[in-house]
Structures are given as C-alpha cells and as structure tokens.
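Participant: Residue strings, one per chain:
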Amino acid sequence: MTRTGSGSATPVRAPRDIAAPGTGGVGDSPLRPDGTLKVKGEFAYSSDLWIDGMLWGATLRSPHPRAKIVSIDVSAALAHPGVSAVLTHEDVPGRKHFGLDHTWDQPVLAAGEVRHQGEPIALVAADHPETARRAMEKIRIEYEVLEPLTDARRAAFDPAYPQVQPRGNLARHQPVRVGDVEAAKARAEVVVSGEYRVGIQDQAFLGPESGLAVPAEDGGVDLYVATQWMHNDLKQIAPCLGLPEEKIRMTLSGVGGAFGGREDLSMQIHAAMLALHTGRPVKIVYNRYESFFGHVHRHPAEMRYEYGATKDGRILYADVEILLDGGAYTSATMNVVGNAASLGVGPYVIPNIKIDAYGVYTNNPPCGAMRGFGAVQACFAYESMMDKLAEACGLDPVTVRQVNAASQGSELATGQVIWAPLPMAEMLRQARELPMPPPLDASDIRNLPGGASQTTHGEGVRRGVGYGVGLKNICFSEGYDDYSTARVRLEVIGGEAVALVHTAAAEVGQGLVTLEAQIARTELGVERVVIHPADNQVGDAGSSSASRQSYMTGGAVMTACQAVREGVFALAAARLDRPLDTLGDLSLVGGKVVSESAGVLAAIEDVLGDAVIEETREYHHEPTTGMDPVTGRGDSHTQLALCVHRAVVDVDVELGLVKVVELAAVQDVGKILNRLSLEGQIHGGTAQGLGLAVMEEIVVSDGKVRNPSFTDYLIPTILDMPPMRLEILENADPRAPYGLRGAGEPPTLSSTPAIVAAIRDATGLALTRVPVRPEHITGSS
Amino acid sequence: MPERVHEITLTVNGTVRRVAVPGRRLLSDCLRHDLGLTGTHVGCEHGVCGCCTVLLDGEPVRSCLTFAVTADGHEITTVEGLADGERMSPVQRAFAECHGLQCGFCTPGFLCTVTALLRENPAPTDEEVLEGISGNLCRCTGYQNIIKAVHRAAELTAEES
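Residue numbers (the numbering used here), protein chains in the order written: chain D, 1 to 781; chain W, 1 to 161.
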C-alpha cells in the first residue's frame, strides 16, 4: 500500500491492496478476494499488526459498577521497569468525552466517578504486554463504592430514583399512536397479554478489540484499527486528541467479526493518546475477558404486550410498552428505541396501536448496537403474541399471521406506506410447505437433546414446530443521511484494463469486498479489479451496520463506475473521431466498448491507452423523516426486509434440554447479488438468533457481569446449529441498487421467536424470556 | 528481578527455530510474537474458541493452553505451514472455495483441526465431521459452509492422492 503525507513508518503485516482476479459480476458467486489470504494465515488482522519498537498499551478498568473515585496514584506503576507512560483523564489532550450520535456522554477516561463495571480509568504503555499489565496492577485507586442503580423500570418511571448521569435517567421515550386503542378495547372479542424479557446478548466476535497507533512527523497519528465506521470514529477521536481530522490517518485492518460491537470506539483514542504521549507506536489488544467490557452489548428488554382481536383472529388493537436498558452511556440507545417503537408490532396491520418505547440509563453494562438493533427484542415479543393469539382463537400459527400480514401498500405502525413488495403471507405458506426433517432416531444418543451428555433413552423427548417472522429496517432511519462514497479508477496495467475500487467501507467478514469487485466488473466490463484498503483518504462510507453496505456502498461503487464508464464512452468517441451521440446506446461488456446498433467498437484497453479515468461519487438513499415525538408518525425507514423462519426442535421435557433439529428460512432479498455470500449471511444471522433463543446471555447481578468468558458465555457450536433449508425470493425494491434488500439482520430477528415457539409447542409452557434455560423447561428455577 | 528464560528448539513448519522464552510464555504468544507467525489467532486465551489450534507432532492442540517450553524438541505446524510451497492444501482450498469463512478469524484453527481429522478419517460422515470440529467456534457462518468445506476437502484429498 502507499501512504503519503504522514512521514511515519508503515507496520509490517499492514492491510494491502487485494486483487480480485477472475470473473464474476452481479448475480454470480465469485470467491472472496480476501479468502486466499485468510486461509493462508496472511491476512493482517488488527491484532497482527507489528512495527519495530512499538509499545504495548493496557487499560485499567473499574471493578465497580458505581463509585466515586477519591484518588488515583500512578507513581508506583510509572516507576515499574519497562513502563513508558501512565495516563489518566488529566492527560486527555482535547475533549474529555465522546459518543455515537451526538450524545458525547462517555468519558475517554473516568474522572471522579465510574458508572459501569469495566469503565476505563487509566492507561499504561510498556515494552511488553505482560509488563503493561503488571504495572497496571500497581496503580492505586481509592474508591467510594456506591449502591449501583440497576432497576431499569425505576430509572424510567420513578422521579425519585437517583440519576446515573447528568442527562437524567430517561434517554428516550418514543410513543406511537394509531387510532383509538381504548375504544377498540371495548370491541375486542379475544384479549391476550404477555410480559416478555430479553437478556443481554453479546456480539462475541472472535477477534477481540485491537489496533495500532503510530505517531507521525506532522504531530498527527496513523491509526490501524478494526472498526465498522472509520469516519464516525474520526469525528470522535479528533476532538478528544485535540487534533484536526486531517492529522489522523485511519486504515482499516483485518476485522475479526463485528455484529454491531465495533460501532462504538474501544481502544482508538487510548492507543493514540499513548502514542502521542510517548512518541512511539503503541499497540493495544484486549483479551476475551476485557472484550466483554470493551464494547456495548444488545439492550436487555422488558416488554408488556396486550392485543385484542375478533374471534376469527383479526387484531383490533395493540397496547405495548417496551423498556430497554442502555446502561450508563447513550451509545446507540436513541436509535435502538426508535427501531423498537417503529417496528414494535412488526409486519402486521393493526388499526389501533399504542406503543411506548423507553431507553434508560442505569449502572448495568452499557448497551448499543448489535445485529437486529431494537427490532430483535420487539420481534421476540410480537411473535410470541401472535402464537398466543392463535391459541386463543383456535387458529394455527401460520394462519393467524397470514390473516394479519402486512403487504405492499399497507401501513407500518408509523403510517409509512410499504412501497415495495412484501409477500409475507406467501412466504409463510412456503415455510410451512417445506419438507419436514425425519422423526427422532433415539437409537443414536447423539441425536437426543444434550447429545453425548444425555442420561436417558429419550423417553421424555417431545418434538415441536414453531414459526417466526421478522421485519427489519435497512440503512439508517429517522432522517439520517447515511451516504456512502466510492472512488473508482480505470487504467491499463500490463496491457489489461484494471479497475481500482477505493472506499472507506468496513469489510467485517460480510463479503463487501467481493461485492464491490462484482459491481465493478458488471458496470465496467473488466475482469481485473483491485480493492484498495479502506481508509479515510476517501469520503465517508457510513457504517457496516443496519444491513446497509450492499445498498449504500454498493450504490456508491455502482454510480462511480457508471461515471467512469461515461468517461470511457467520451474517450471512445474522441478516439473514433465521432460525436458521442452518434454512437448509439453504448455499454462495456467483456472488455469491449459495445454499441447496441453497431456492435463492438473497440477494446477498452485501446480506448484508454495511457489515460486514467477516476471518478468519485457519493450515494444517498431516499430521504427519510423523523418520528413525530407524540404520535410516532413518519416515513422513517429507508427500506424494509422480511425473513420467515420455521424451527423444529426436540425437547427433553424432564431434563430441560433442547436440540434444534432444523431451521428453515424464507427470505426476500430483492435481488441475489452473490448467492454464496448471501446464504452465508442468512446462516450466520440465524445462528446468532439461535444463540439468543437458548444459550446466550450476559448474566448480571448488582451491575456486575458474572460470566465474562467463553467458558460461561456460551455461543453456538457446530453441534448446536442444525442444518438449514433456505428459500430466497427476489422481489425487487425499485428504489435500491439492482433492487437489492439488505440481508444480514432479518434472519437474526426471526430465528429466535421461531425456536421458542417450537419449544412451547413441544412443552406447552409459556416461556416468556430468552434465552430459554433448562430450568425454565423443568420448572426448577 | 529479571525473569529466567529457557532456550528451546521448535521445528515450526519444517524449519528449526531456536527461541528464548520465559517458562510461562504461551505457545500462542511464542508463535505470534517471538516467531512472527501471526496466522495463529488468539480468540479467548482460555481454550474454548479453538482459533489458536496448531498441530503439535501432527495432533491438534490449543496453543493458548500450551506453554512454549513444553513444545521444546517437537514439531509444530501452523496455518502458514499447511500449504505445499505455493500450492494450498486441499483443506485450505476447500474452505476458500466453499465460502467456509467470513471474517476468517477462526479459520486457521479450523484448518489445523480439519487437517488432522482428515488424516485420521479421510472420508468422514456428517456426524463425524460435527464431532471432529465441535471444539472450534465460528461466529459468522452458522457452520453450514464449513461442513461443506470439510467434505470438499476430503474429496480433493482423495482425488489428488
């Protein structure tokens, strides 16, 4: 890679250009261009960066969820051999706080008070990571420990509850009001209600937070980080360092998974502070324990739902309260609340709606973005309600959903008209008609719930089937213009036309680099595409979240390529010495400039010669509006995507063990750009929903995390994840590039309620919280 | 007090490497930091995720649960040593071809585990694949394409032997 301007050294094993050779345009399934590097162990993850003479940073964190800091004494740590710096809040060069979404309430390093367990207080730089950790233990902090404020309900509704932070305890209350719920209550023939809870889920990406800061000769810093959104990092980092943004050069390093957990900053400002202070490169790598405190989690939720319906199952009203605990700082809570409110009843047409969604501050672990983002929590509740309604009305779960299903032209709870196809009733029919897996063969103990640990012969095993439907907003909502930028350059290298694609968009594993190359091939008719490392030397690409990068950065690459293509056409006209408008409809196909009327005009290489055509384009989605603060009305979403799951489970009702036997998904993706990548996203999203259904929870008591390890926080293994059947539909969204719909999140919504519904079907239990644990099934809790 | 170091000799990917390490230096850190072989990844450092799996005398081990000194005199194969020169091994090619990876952080551990699995059992059934790699976590793929990749690797190995 090339670097200009900073005058600083480049690390070994730094990110580099990735050639994407071969063929494969939009709709094909070419292999990932980074796949070879990844299977050879040569892909430079942020934890692999190395530069001679670098120091190692370590972060001292609060053991208490709430305490006053009476004093900090760093002298013994500073005197420890091998230590170069020990920094506290006093050493933060610029602004002392940062945060997502304009709510800069998170201290770079705690000053005077800590508000959650694991809050960073001090930084150490030393010549070896073990030295840094040992020195860290010599920092003496005197705390005045306070009773943690952990009651989300009191935080929301009790004005006498002490304040977690100066903003007050209520981050956001978003109501949604449609029709007249009170009047509808009088007409309801069937009323069902439920209280549901969702535990704290962790993103549990496998590559812990890490990165490298290299001080530059111009007084700035080069940052090599694993993030989801470099430009938003930069907006927070620069003021805290007291540097102009142009003095901070950011390069995306290999990202070991993200799932929302890298949308907030972790070690970025800390490493940069240490590097600027010591004048030496500083690397910080969290271990797994620290990672559990190093990023925000999925908001836990308490939800109260009441639906009234006619006796044939048509919903008349929904009365809903959703309470989301954001922990000590704002992070993404505002937008998580917005999603929970606007999607609070999901893809169902309900004439009278009252939703109140709240996000609050407590001293519990900080929560923010995770795959599904507010829509996951609501989906578990509204899908549980649909099953409850089905039972009350004597309908089957598929029929009750079809009776109330939204479709193109109907309105969301916000009043936004669904403008694109939404064939939900048909998708449910397809899910139901998929072949069923074979019945349990109990003769092989490995087939039983609990597998090899089973102690019975399967006498207590019951099979269940359940359905779940999830509706997710794609791209950012509520008036946010989350545009993306792409720079595309076309030139002849070694006799062949090569397209170089440069964006700041984060490849986090989802396969964006594959897609960028496919789009360039399709739009420019070339085979050879090179993907430049993502950095901030090109404009903002927005976040790799909200399932938005295919849409937004895909759109930006498409439009930049189209602009380059126009340049090729103009050049072709000049070379042929003919006016452009006499050449007919032109395209770039198979390396040639082709006229619809006259056929092949020239090879792209011959047209280009020594010329280089480079174009940069921003891509913006259709504008959205905010939600009305009183009624929730508004055209707040950019795009909607739907996934339907059918889950089949075997449950040992005596032991409380669950085996998910099969998960089938029907998802509408608008247009399949790369089937292999797409299926991988649906598989992975489904697996994370399975984790939330039966395994994954950060257990918290008194504000403290009790299971910050992979020994105690369980994520699905290959034995937990069953085979999947997929049906993928292509009903185009006319507003989106190629008609595509974002695909990564919807399956994470729907697999959780489908699995829990299947367990209910097998056991007859109510099961109102996730994850479902053995004691919830056996009744022993 | 300076920490006592031990001179050890490891044969890593066929090359004899001498290195001085403290007694408690993990094999994973020794490989990554002392020998510069960062293809071996560290995901949890407590032996659960399997990202750090390497082959010790051909057998898969968690390098984060192994002290470097205990590998003294032994042969170690890391992900960097799976290819035969420029030609990637059948397991490496199968994972790339079947999209058996996304972020790829877990991949080196899977590749080492599967390499050993297929050596023991060149044509595993689905059940044997599940058991064989149930000690490696992947957070991205939902494992579906990893299972395909293992079977594809078995096919490629058979075709080429």
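Rather than coming from a laboratory, the hints here were simulated on the basis of the structure. Don't take each hint at face value.
[As the list claims (entries may be wrong)] Straight line, CA to CA, 30 Å or less: simulated DSSO-like cross-link-like pairs of lysine-lysine:
hint, chain 1, residue 1, chain 2, residue 2
1, D, 68, W, 148
2, D, 138, D, 96
3, D, 96, W, 148
4, D, 96, D, 68
5, D, 388, D, 185
6, D, 592, D, 704
Participant: Quickly compare the C-alpha distance for residue 96 (chain D) and residue 68 (chain D) to 30 Å and report which way the hint goes.
Facilitator: With a Cα-Cα distance of about 17 Å, the restraint between residue 96 (chain D) and residue 68 (chain D) holds, given a limit of 30 Å.
Participant: Take the C-alpha atoms of residue 592 (chain D) and residue 704 (chain D), compute the straight-line distance between them, and say whether it is at most 30 Å.
Facilitator: Distance ~63 Å between residue 592 (chain D) and residue 704 (chain D) Cα, so the pair is violated.
Participant: Below or equal to 30 Å on CA atoms is what counts here, so check residue 388 (chain D) against residue 185 (chain D).
Facilitator: holds (17 Å)
Participant: Decide if the proposed pair is consistent with the structure: residue 138 (chain D) and residue 96 (chain D), CA atoms, cutoff 30 Å inclusive.
Facilitator: holds (24 Å)
Participant: Starting from residue 68 (chain D), check that the Cα of residue 148 (chain W) is at most 30 Å away, please.
Facilitator: violated (54 Å)
Participant: Could you grab the alpha-carbon distance between residue 96 (chain D) and residue 148 (chain W) and see if it respects the 30 Å cut-off?
Facilitator: With Cα atoms ~50 Å apart, residue 96 (chain D) and residue 148 (chain W) exceed 30 Å; violated.
Going down the numbered hints, you'll see the structure goes against 1, 3, 6, while the others check out.
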